[in-house]
Amino acid sequence: MWLILGFIAIVATFINLYMYKTGKDYKLAMAMGLSFTALTLCAEHSLVSNWVKGEDWSALMDVVPTMEKALWFLTIVSILLNIAPILLELKDKKAE
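Numbered according to the working numbering, the sequence shown spans residues 1233 to 1328.
Be aware that a few hints might be false.
To be verified - Here are the simulated DMTMM-like pairs of lysine to aspartate or glutamate, each with C-alpha atoms no more than 25 angstroms apart in a straight line: (1) LYS1301 with GLU1287; (2) LYS1256 with GLU1300; (3) LYS1301 with ASP1288.
Treat the hints as calculated values from the structure; they're not laboratory data.
Remember, predicted model here, so these are calculated numbers, not experimental data.
Could you put the whole structure together from the sequences, leaning on the hints where they help?
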């Protein structure tokens, strides 16, 4: 499930950037990108929770250390890419 939600978050982020570049209202796409990023994190947490409940220690030891770094990196990138249009608009307003 987290893989599907993560893919949707990536697609929504690129739609956000495309809509900004074409001059269209991008705020809904930005909200969707950030929302699906949050849902991806929740789904990943649920997966880890199920491993703990099932006492699947090998899965936890194999996957969690790597996924922790990947999730931090991808979440930060998602936030930065999704808020980039707002920051660019603020920069353009200050330049005027």
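A quick look at each hint next to the structure:
With a CA separation close to 22 angstroms, the supplied pair LYS1301 and GLU1287 stays within the 25 angstroms bound. A distance of roughly 35 angstroms separates the Cα atoms of LYS1256 and GLU1300; the hinted pair therefore is violated under the 25 angstroms criterion. A threshold of 25 angstroms between alpha carbons decides the hint, and for LYS1301 with ASP1288 the separation of about 20 angstroms falls inside it, so the pair holds.
Checked against the numbered hints given earlier, the structure breaks only hint 2 and satisfies all the rest.
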